[in-house]
Amino acid sequence: MKKTNTTDLEKLNLKGNVKSVNEFSQVLHVDDAPSIENVKTFNINGFLTNETIYYLGKERSTEEYTYLDGKLKTKVETLLTPNGYKTTYKYAYKENDITVEVFEDDELVESSIKKTDENNNIIYSKDSNLLFNTYCEKTYKYDKNDNLLLVTEDYYNEDGKNYSNTINYEYEDALLIKMQHSNSISNDNVGFTEQYYYNNLNKCTKIKVFKNNELDNKQTKVYNNGLLTEHHFYENEDEIKVIKYDYDQKENIIKQTINEISSVATITTIDTFEIAYYNE
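Numbering (full-length UniProt numbering), first residue to last: 1 to 280.
These are computed hints drawn from the structure, not numbers from a lab.
Be aware that a few hints might be false.
Unchecked claim - Pairwise CB distance ranges, derived in the manner of DEER restraints: (1) Thr99 <-> Asn119: 18 to 24 Å; (2) Asp105 <-> Ile185: 32 to 38 Å; (3) Glu230 <-> Ser35: 23 to 29 Å.
Claimed, not checked - Capping the alpha-carbon separation at 20 Å, the derived lysine-lysine pairs in PhoX-like fashion look like this: (4) Lys126 <-> Lys178; (5) Lys141 <-> Lys86; (6) Lys115 <-> Lys86.
The C-beta atom is built at its ideal place from N, Cα and C for all residues, glycine as well.
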């Protein structure tokens, strides 16, 4: 059976008893010094309690989280601008259902529901925008090993069904090797196929994306001692971005260097992460 309550540390691929992460960013030859971008704080159980997002070194928004019996109860987003507002997410749990109501200030604007099976797989979801009278329904199908095989997305507006998306997944030796996305809108060039390739340690080393059976873009990944150290992005065969990673002793990323490559110039951004741990 799948784990029923994945922590935020796990979702963010953070290892150890992380207490907080402060993110700084600097564009070389543009910014005089790194500026604060984001601050995340976690409780001892590995769940987010606060997040502050900055813009040009100043607080732009905050997010506060509360929990009940180990499950998310509320999330409150506050936009700290002259015309800012507060968005509150309220979560409720009943058997295999999770419902969320979203309020902007005191007005209910969105709602959603997720239904799960006995293995905690999501089998159905519905997200509704009450302001625009639109909603999206999704259904999910799995194989006997709980691998996701099919997602069907149906989008509706006031006039009825608008369009649909279908995503198919294929596996080999429990590894995802292909994801195919298609929809009901003709001649929009949205449909695509992703193919995944692995090394002998089952680490994904290459992703290719095809549109109309032609290569559109690809990614390659380089590992050292099991850790991702370089991530390369290409459009067709032209490299457009490279990300390099540095880690601390707990194998958490503490620095990423992003080079965005064009025919005019290469722009380098350095993101650094100050990580504090409980009991250290």
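Against the structure, the hints come out as follows:
1. Thr99 <-> Asn119: 18 to 24 Å: The hint (18 to 24 Å, Cβ to Cβ) holds, given that Thr99 and Asn119 are roughly 20 Å apart.
2. Asp105 <-> Ile185: 32 to 38 Å: holds, 35 Å
3. Glu230 <-> Ser35: 23 to 29 Å: holds, 25 Å
4. Lys126 <-> Lys178: Not satisfied, since the Cα-Cα distance of roughly 26 Å exceeds 20 Å.
5. Lys141 <-> Lys86: violated, 36 Å
6. Lys115 <-> Lys86: Not OK: Lys115 and Lys86 at ~28 Å, beyond 20 Å, violated.
The structure does not agree with the numbered hints 4, 5 and 6 stated previously, though it agrees with the rest.
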